[in-house]
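Protein chains in written order, with my numbering: chain A, 37 to 306; chain B, 37 to 306; chain C, 37 to 306; chain D, 37 to 306.
What the hints contain is simulated information worked out from the structure, not anything from laboratory work. One thing to keep in mind: the hints can contain errors.
Just so you know, same-sequence chains aren't split out, so a pair can sit in one copy or run between any two.
What the hints assert, rightly or not - Straight line, CA to CA, 20 angstroms or less: simulated SDA-like cross-link-like pairs of lysine to any residue:
| hint | residue 1 | residue 2 |
| --- | --- | --- |
| 1 | K78 | Q135 |
| 2 | K107 | Q294 |
| 3 | K78 | V46 |
| 4 | K107 | G85 |
| 5 | K78 | D88 |
Predicted model, so just to flag it, every value in this text is computed and none were measured.
Single-letter residue listing:
There are 4 protein chains.
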Amino acid sequence: MLFMATESGVAMDMAPELLASGCRIVDLSADFRLREARIWEKWYGKPHGAADLLAEAVYGLAEWARGPLVKARLVANPGCYPTSVLLAMAPLARDGLLQDGLVINSLSGTSGGGRTPRTDMMFSENAGSARAYGTSGHRHLPEIEQGVRFFGASPAISFLPHLIPASRGIFSTIHLGRGDAALVHESLMGVYHNEPFIDVMPMGSQPATNMVLGSNMCRIAVHATPGGAVIVLSVIDNLLKGAAGQAVQNMNIMFGLQETSGLEAVALMP
Amino acid sequence: MLFMATESGVAMDMAPELLASGCRIVDLSADFRLREARIWEKWYGKPHGAADLLAEAVYGLAEWARGPLVKARLVANPGCYPTSVLLAMAPLARDGLLQDGLVINSLSGTSGGGRTPRTDMMFSENAGSARAYGTSGHRHLPEIEQGVRFFGASPAISFLPHLIPASRGIFSTIHLGRGDAALVHESLMGVYHNEPFIDVMPMGSQPATNMVLGSNMCRIAVHATPGGAVIVLSVIDNLLKGAAGQAVQNMNIMFGLQETSGLEAVALMP
Amino acid sequence: MLFMATESGVAMDMAPELLASGCRIVDLSADFRLREARIWEKWYGKPHGAADLLAEAVYGLAEWARGPLVKARLVANPGCYPTSVLLAMAPLARDGLLQDGLVINSLSGTSGGGRTPRTDMMFSENAGSARAYGTSGHRHLPEIEQGVRFFGASPAISFLPHLIPASRGIFSTIHLGRGDAALVHESLMGVYHNEPFIDVMPMGSQPATNMVLGSNMCRIAVHATPGGAVIVLSVIDNLLKGAAGQAVQNMNIMFGLQETSGLEAVALMP
Amino acid sequence: MLFMATESGVAMDMAPELLASGCRIVDLSADFRLREARIWEKWYGKPHGAADLLAEAVYGLAEWARGPLVKARLVANPGCYPTSVLLAMAPLARDGLLQDGLVINSLSGTSGGGRTPRTDMMFSENAGSARAYGTSGHRHLPEIEQGVRFFGASPAISFLPHLIPASRGIFSTIHLGRGDAALVHESLMGVYHNEPFIDVMPMGSQPATNMVLGSNMCRIAVHATPGGAVIVLSVIDNLLKGAAGQAVQNMNIMFGLQETSGLEAVALMP
Chain A
37 MLFMATESGV
47 AMDMAPELLA
57 SGCRIVDLSA
67 DFRLREARIW
77 EKWYGKPHGA
87 ADLLAEAVYG
97 LAEWARGPLV
107 KARLVANPGC
117 YPTSVLLAMA
127 PLARDGLLQD
137 GLVINSLSGT
147 SGGGRTPRTD
157 MMFSENAGSA
167 RAYGTSGHRH
177 LPEIEQGVRF
187 FGASPAISFL
197 PHLIPASRGI
207 FSTIHLGRGD
217 AALVHESLMG
227 VYHNEPFIDV
237 MPMGSQPATN
247 MVLGSNMCRI
257 AVHATPGGAV
267 IVLSVIDNLL
277 KGAAGQAVQN
287 MNIMFGLQET
297 SGLEAVALMP
Chain B
37 MLFMATESGV
47 AMDMAPELLA
57 SGCRIVDLSA
67 DFRLREARIW
77 EKWYGKPHGA
87 ADLLAEAVYG
97 LAEWARGPLV
107 KARLVANPGC
117 YPTSVLLAMA
127 PLARDGLLQD
137 GLVINSLSGT
147 SGGGRTPRTD
157 MMFSENAGSA
167 RAYGTSGHRH
177 LPEIEQGVRF
187 FGASPAISFL
197 PHLIPASRGI
207 FSTIHLGRGD
217 AALVHESLMG
227 VYHNEPFIDV
237 MPMGSQPATN
247 MVLGSNMCRI
257 AVHATPGGAV
267 IVLSVIDNLL
277 KGAAGQAVQN
287 MNIMFGLQET
297 SGLEAVALMP
Chain C
37 MLFMATESGV
47 AMDMAPELLA
57 SGCRIVDLSA
67 DFRLREARIW
77 EKWYGKPHGA
87 ADLLAEAVYG
97 LAEWARGPLV
107 KARLVANPGC
117 YPTSVLLAMA
127 PLARDGLLQD
137 GLVINSLSGT
147 SGGGRTPRTD
157 MMFSENAGSA
167 RAYGTSGHRH
177 LPEIEQGVRF
187 FGASPAISFL
197 PHLIPASRGI
207 FSTIHLGRGD
217 AALVHESLMG
227 VYHNEPFIDV
237 MPMGSQPATN
247 MVLGSNMCRI
257 AVHATPGGAV
267 IVLSVIDNLL
277 KGAAGQAVQN
287 MNIMFGLQET
297 SGLEAVALMP
Chain D
37 MLFMATESGV
47 AMDMAPELLA
57 SGCRIVDLSA
67 DFRLREARIW
77 EKWYGKPHGA
87 ADLLAEAVYG
97 LAEWARGPLV
107 KARLVANPGC
117 YPTSVLLAMA
127 PLARDGLLQD
137 GLVINSLSGT
147 SGGGRTPRTD
157 MMFSENAGSA
167 RAYGTSGHRH
177 LPEIEQGVRF
187 FGASPAISFL
197 PHLIPASRGI
207 FSTIHLGRGD
217 AALVHESLMG
227 VYHNEPFIDV
237 MPMGSQPATN
247 MVLGSNMCRI
257 AVHATPGGAV
267 IVLSVIDNLL
277 KGAAGQAVQN
287 MNIMFGLQET
297 SGLEAVALMP
């Protein structure tokens, strides 16, 4: 068992040998998240060094991959934004509740940017300030598109991530357009009502990222707007359910351990 | 000349007498922002006490109201979200560049909530956390709809405000759907290239709220997404261009003063 | 067993009856922290309603009260500032390393102020700002003085708490005056080297509050200044080691449970 | 006229030639702040390249250097911590109100660390956290010591700077030991009551850094503790009164301009 929490490129270099030696891998980088080498290479701007492994890699959105995970040798741990978005959209895609023209607006704490020092990630540059980024295209968009397609839908998606002055947490606001909020809520409840790490809140609830910080939880709320549109809100801790927490959850499933082992911390709030 | 920076209700009670005595009013509350008493009463949940003044009140989106402001007795200073949104959308509405199904996602610092103590506005509840609010309908939506209609468009609009852990600043992300970003940029540049308080940034620029904090500026950027959609970003300081700053700007216009008087502070960054 | 996490006054009203009915109490309020009713009444400004219980109450600075806690019926859980300060100063008081004229400067997150809404505790009032408070005398001063005396020293102490723009965490800077930093470090190491919740860091280490947030840890560092003075730094999470965490630790000791039960979460950083 | 806002070392290299060409310099670096080359070299760890200019350099604590500034060719703009501390202590040193064993505890926003990217200055590392630094000796200590000596006192000083999760602002807490708070307040009022940039607040006032952010103000408050000690609190914006603002003020004096020119912005609060 090996976690590979690396810059893109390292995992693909090391994976073949590690697998050959009997390791099972949960890769925290983006190397094996996209199934088509062509698309990976377009978004990551270089040749994929282990394209033959892409077909085998299991996309580790834990609640939706339990079967394949049991025998998986190579697991691609999902990105933080895709985790927050796909957990909310997978049931809707499956149940035919997604229309064309989805708009996803996500807010993230700064820890998603890693620890490599950069002037634009310094405290003084971000304190009290908000900004969008990835406006020319964020690498998590093809991952979201692939995921939604996997669940049976293929809407055009406009996705924009933003940085807010918080260290942790992702808040995704998914505008579904006109629709029936009750149906959307039922679809989510039907799938997730027994999940230990997903809380579909009562209709009209107000999630906040501090409700999940420090925990492996994803909390999802459904809202009907005065104009008849449906908005789905999804919050996670980007470093736990959006990264290391989900990796542990995947490992637990792979090895037949209790799925919640090591992941039972509640959120740290306030 | 009188600023009325009050809770909704006070201005409408006092305005008739004040106008009769010769005062000219810039009202910072929401009492005179909506032109139809019926709509005002629906959103504010009580009878309007001075409905006969609604037709006279000038909606003080300064750059677009200079003519009427000169003689105005009663000016409704726009709300903070509508200011950030309408400055970006007015030229596009006029130029026929708005399609149906607009999605507006706005982020605001907490100072927009005023100083009345509430547990949910305390430091500990908001530090490091983000949340949406007004999900069942925010009073700035009818103001945005009225404004866009005034400029000649009537798209369905989905608007959701969010609170982020900052004291000041509004960041509005306006998803226009598929379109021609260059045309959108041209439309904005054509109108605003000489405005002292509006900066239409070069195509693809990255505004942040700390670029405008402490100033009366609105900065607007246009982006084309990889999927062919157009996104417009607009940032203001909610307490200046979104409130007191615009009120002073309106007063300057009303009294024939230099429009920038008292408003020349640059942003405080970092 | 009962936790009483209440405003001052409630615990003293209810304690006699509860004890009579066989309850054992860990009181999170300040009602039983000071042993002398006279001093309590001076600082809290009202008569003490259960002064006869003061002699019995065990001051629950857990690492220093294990013996008495085993049989205690009534435990006064220490205040947040006194916990951070006394854990650092108890060994030094006992070993004769405290001189007169101690200066203690503490920084606290805003959660120490509770959840009662107050304008001066709102997000907008505290974001990006620092201030001192309790300048005319903070109720934790007599608690610190009593503790230091208990361990055998009675220096004059100047204590000033400050609020910083963080939700959690206490950072106490204790200026000991001229002295031998190595002796101070040895004194602390000698007592605490096996404690699960106290980390005496290597000489010259730099603690930060985010090293303990979400955990029951106290981390202590010793520094020698260029001028020959000694400074001791102590950090805790005010809501855990400074409140509920220490209460659980005390309960574990009272009932013969594993002292670390329920308290093994590591700090949430970043 | 030249501002030299540079890393230590650059100003001393360029100053001789610039002065020869007739420039007048306000140096924002630390190159000319200490009058003795020996002390400078000890704290900055390298030879001083223009030691012959040290005697000529005017230490630009503006309110105390107006005479020398008028003809000054080379002005050393004071450091941010020394400005906050010396403005409060200069009158007290002159009036014999400083005893031995001063303890100065200062809090600073992160912008004092400059914009060079460092992991320990990233947003995620500092959000919600406080820490001390410079524990082995901060370069502003000899500057404070030199200043206090200049005003006629030579107490032993223990100075410790801390970083708090704010972008701007310095909060200095100066523990004077036992004394007469009223005399201290009078001493400050006597000197500063007419100063445009120094506000000696009424006895017992509570300054906060957000009262000065964005302005060139220093606000000072005096407190008597229950134990009979005196504490002086001093707040400035480290980037204005603690750097560029004071540099402009010095320049105004040097050139016979209105001393407040360009410095009249009020604080940005909240």
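Hint by hint, here is what the structure shows:
{"no.": "1", "hint": "K78 x Q135", "result": "neither (27 angstroms within a copy, 30 angstroms between copies)"}
{"no.": "2", "hint": "K107 x Q294", "result": "within (16 angstroms within a copy, 38 angstroms between copies)"}
{"no.": "3", "hint": "K78 x V46", "result": "within (18 angstroms within a copy, 45 angstroms between copies)"}
{"no.": "4", "hint": "K107 x G85", "result": "neither (24 angstroms within a copy, 66 angstroms between copies)"}
{"no.": "5", "hint": "K78 x D88", "result": "within (17 angstroms within a copy, 61 angstroms between copies)"}
Against the hints set out earlier in the document, violations occur for numbers 1 and 4.
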